[in-house]
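So you can see what is in the structure, the chains are spelled out below.
There are 2 protein chains.
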Amino acid sequence: MKDDTILMAHGAGGKKSAELIRQVFLSRFSNPALSRLGDSAVLDSIQGRFAFTTDSFVVEPLFFPGGDIGKLAVCGTVNDLAAAAARPIALSAAFVLEEGLSFSILEQVVDSMHAVADEVGVPIVAGDTKVVPQGSADKMFITVSGVGEIPASVEPPAPDRVRPGDLVLLSGTVGDHGMAVMAQREGLRFSTNIVSDCAPLWSLVGAVLEVATDIHCMRDPTRGGLAAALNEIASLSQVNIEIEESAIPINEGVRVACDLLGIDPLHVANEGKMLVIVPESESQAVLSAMKKHPLGSMSSVIGRVNDAPEGSVYLRTRLGTLRILDTPSGDILPRIC
Amino acid sequence: MKDDTILMAHGAGGKKSAELIRQVFLSRFSNPALSRLGDSAVLDSIQGRFAFTTDSFVVEPLFFPGGDIGKLAVCGTVNDLAAAAARPIALSAAFVLEEGLSFSILEQVVDSMHAVADEVGVPIVAGDTKVVPQGSADKMFITVSGVGEIPASVEPPAPDRVRPGDLVLLSGTVGDHGMAVMAQREGLRFSTNIVSDCAPLWSLVGAVLEVATDIHCMRDPTRGGLAAALNEIASLSQVNIEIEESAIPINEGVRVACDLLGIDPLHVANEGKMLVIVPESESQAVLSAMKKHPLGSMSSVIGRVNDAPEGSVYLRTRLGTLRILDTPSGDILPRIC
Numbered sequence: 001m002k003d004d005t006i007l008m009a010h011g012a013g014g015k016k017s018a019e020l021i022r023q024v025f026l027s028r029f030s031n032p033a034l035s036r037l038g039d040s041a042v043l044d045s046i047q048g049r050f051a052f053t054t055d056s057f058v059v060e061p062l063f064f065p066g067g068d069i070g071k072l073a074v075c076g077t078v079n080d081l082a083a084a085a086a087r088p089i090a091l092s093a094a095f096v097l098e099e100g101l102s103f104s105i106l107e108q109v110v111d112s113m114h115a116v117a118d119e120v121g122v123p124i125v126a127g128d129t130k131v132v133p134q135g136s137a138d139k140m141f142i143t144v145s146g147v148g149e150i151p152a153s154v155e156p157p158a159p160d161r162v163r164p165g166d167l168v169l170l171s172g173t174v175g176d177h178g179m180a181v182m183a184q185r186e187g188l189r190f191s192t193n194i195v196s197d198c199a200p201l202w203s204l205v206g207a208v209l210e211v212a213t214d215i216h217c218m219r220d221p222t223r224g225g226l227a228a229a230l231n232e233i234a235s236l237s238q239v240n241i242e243i244e245e246s247a248i249p250i251n252e253g254v255r256v257a258c259d260l261l262g263i264d265p266l267h268v269a270n271e272g273k274m275l276v277i278v279p280e281s282e283s284q285a286v287l288s289a290m291k292k293h294p295l296g297s298m299s300s301v302i303g304r305v306n307d308a309p310e311g312s313v314y315l316r317t318r319l320g321t322l323r324i325l326d327t328p329s330g331d332i333l334p335r336i337c
Numbered sequence: 001m002k003d004d005t006i007l008m009a010h011g012a013g014g015k016k017s018a019e020l021i022r023q024v025f026l027s028r029f030s031n032p033a034l035s036r037l038g039d040s041a042v043l044d045s046i047q048g049r050f051a052f053t054t055d056s057f058v059v060e061p062l063f064f065p066g067g068d069i070g071k072l073a074v075c076g077t078v079n080d081l082a083a084a085a086a087r088p089i090a091l092s093a094a095f096v097l098e099e100g101l102s103f104s105i106l107e108q109v110v111d112s113m114h115a116v117a118d119e120v121g122v123p124i125v126a127g128d129t130k131v132v133p134q135g136s137a138d139k140m141f142i143t144v145s146g147v148g149e150i151p152a153s154v155e156p157p158a159p160d161r162v163r164p165g166d167l168v169l170l171s172g173t174v175g176d177h178g179m180a181v182m183a184q185r186e187g188l189r190f191s192t193n194i195v196s197d198c199a200p201l202w203s204l205v206g207a208v209l210e211v212a213t214d215i216h217c218m219r220d221p222t223r224g225g226l227a228a229a230l231n232e233i234a235s236l237s238q239v240n241i242e243i244e245e246s247a248i249p250i251n252e253g254v255r256v257a258c259d260l261l262g263i264d265p266l267h268v269a270n271e272g273k274m275l276v277i278v279p280e281s282e283s284q285a286v287l288s289a290m291k292k293h294p295l296g297s298m299s300s301v302i303g304r305v306n307d308a309p310e311g312s313v314y315l316r317t318r319l320g321t322l323r324i325l326d327t328p329s330g331d332i333l334p335r336i337c
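Residue numbers (the working numbering), protein chains in the order written: chain A, 1 to 337; chain B, 1 to 337.
Where hints are given, some of them may not hold.
Because identical chains share one entry, a pair is satisfied inside a single copy or across any pair of copies.
Distance condition first, Cα-Cα at most 20 Å in a straight line; then the derived SDA-like pairs of lysine to any residue [said to hold, decoys possible]:
#, residue 1, residue 2
1, K15, D160
2, K15, S102
3, K291, I250
4, K291, V301
5, K15, I324
Keep in mind the hints are simulated off the structure, nothing from the lab.
Please read all numbers here as calculations on a predicted model, not as lab measurements.
Produce the entire structure from the sequences given, and follow the hints as far as they go.
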């Protein structure tokens with residue numbers, strides 16, 4: 001075993017662990033809370049309500065067009081906070097590493113995490129590293145948790161606040177992340193122009209909060225795609241959501257790949273899109289704020305909330321017919337995030 | 001694949017994921033923040049400073065005398081918060097599951113998490129589940145993150161606040177957790193009386209905070225044992241710590257097992273012990289409070305902080321000689337937590 005690979009001792013809490021923390025993590029994530037190396041990070045008080053979330057990432061391969069597991073992990077957690085209208089104020093990162101992983105891969109991933117956290121302006125204040133023997137994990141899993149502050153003026157958006165008459169806005173194209181990972185993994189030839197949309201959405205949400213006082217719900221449609229996100233909301237609010245197929249933007253490469261593979265792009269994970277559900281009276285201001293943001297230039301109103309049938313999602317197809325849009329039932333794209 | 005095992009679809013964000021969440025998690029962890037099923041949990045404001053921490057758990061086997069991976073994960077994170085003098089107010093739990101894991105094992109583990117979180121009085125408000133194909137992970141990894149509130153009257157303890165003249169207190173015996181897991185894994189015959197000390201220490205720390213206003217440092221000596229914890233503190237505070245071998249309690253079974261295997265019990269992980277470092281003037285009150293607590297009945301003063309040599313830990317042996325107590329350098333006990 002060469003010196004530039006992860007050893008069991010790097011997870012044992014002794015000298016090698018301390019070396020790893022200094023060389024890989026402290027050198028990148030440096031901030032006062034992390035650098036004190038307590039069992040917990042200690043942070044200043046939060047005014048108002050706060051949001052708390054966690055996500056594990058097991059994406060395979062680790063690197064894909066548009067991102068890697070590190071960027072994905074930070075974006076995923078930032079976006080879950082953003083969906084609660086919460087400004088990210090601190091993240092933690094916990095790694096499970098497979099013995100034999102190369103240091104340079106870990107360092108690339110940690111560089112990505114640092115770059116995107118820096119872009120958002122959120123420090124990574126706490127962490128943990130475990131190492132398991134070769135064959136007991138596949139290269140690297142990362143769990144990022146986050147704490148965010150909800151502005152005092154904002155009533156936290158939540159799935160059960162959605163009401164009949166609300167409009168459903170989406171910040172851009174669907175299916176890019178899932179198909180980018182799939183294409184990378186399967187070596188699909190036609191897919192050279194499919195790039196993950198993986199991006200941190202806090203600044204987009206910040207722009208929305210500046211113009212709207214009453215966002216009913218936000219959700220980033222990841223695993224299970226737009227279909228799963230809308231069905232969850234419809235179910236929790238006991239409403240019907242009707243969306244227009246023709247209003248949902250989709251990149252040509254993603255459309256072609258989905259057609260060829262027989263996958264519904266509305267079932268495919270996104271990692272840089274936000275669903276925003278608002279009263280109709282707020283919708284124009286919100287749409288305009290979203291469109292002005294670089295990550296929301298293709299935003300559109302994709303549907304409307306009705307009162308019945310409760311808990312269902314309908315799709316008005318390009319042909320004008322209405323069909324039930326169901327939650328995917330199997331796992332069409334494993335290890336996508 | 002039978003119906004009572006975890007399938008890839010349970011991690012895909014669709015119907016099976018929703019079923020898993022309802023059946024396994026919501027039925028046990030039920031609380032208002034979790035039950036709203038937002039992308040983040042939304043919680044009330046925290047008065048004063050707060051602590052934030054994360055730990056991944058990869059212990060093998062999943063079940064051992066005195067606990068299991070679920071109890072361990074909740075205790076580990078609660079204890080990291082407690083070491084910052086923070087009352088746990090919310091936990092998150094993220095699972096990476098291997099396809100084919102039996103539901104009943106997952107449910108037993110989640111029951112344990114629920115039981116110990118309930119004992120501490122902390123809700124599990126956020127979670128995530130990923131499933132990877134058979135062979136891509138070993139059964140189950142759990143990452144628990146936590147947020148805790150530090151009482152306004154308390155200056156947060158931290159490794160760099162330790163000063164010459166301080167006394168070092170330990171809440172009980174060393175080595176129980178690591179040797180219990182080791183013995184279970186290796187099927188050691190002599191080890192029937194070794195039980196993990198895995199326990200949540202917030203109530204013990206709460207009792208200490210009631211009698212002391214100036215705790216310099218607390219630490220729960222997990223991976224790398226007492227030796228690693230003391231060396232980290234000595235290094236961060238640039239002090240010398242001298243401890244007395246004869247003052248450190250150790251269970252007979254652990255002592256025998258360590259002797260036979262040639263392992264230093266001071267290098268072995270604990271999961272229910274707290275190191276407390278205080279000015280001498282506070283030490284009697286703190287020791288007495290610790291001894292009155294069921295998890296601290298064997299507490300003792302195990303050493304003292306000196307000014308030099310900076311960053312070192314000495315052990316006064318039973319023979320009266322002084323030797324350097326170093327941080328372990330390899331991984332003597334892999335996958336212990």
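(request) Starting from the hint list further up, note which numbers the structure goes against and sort them upward. (result) Checked against the structure, no hint fails, so every one of them is satisfied.
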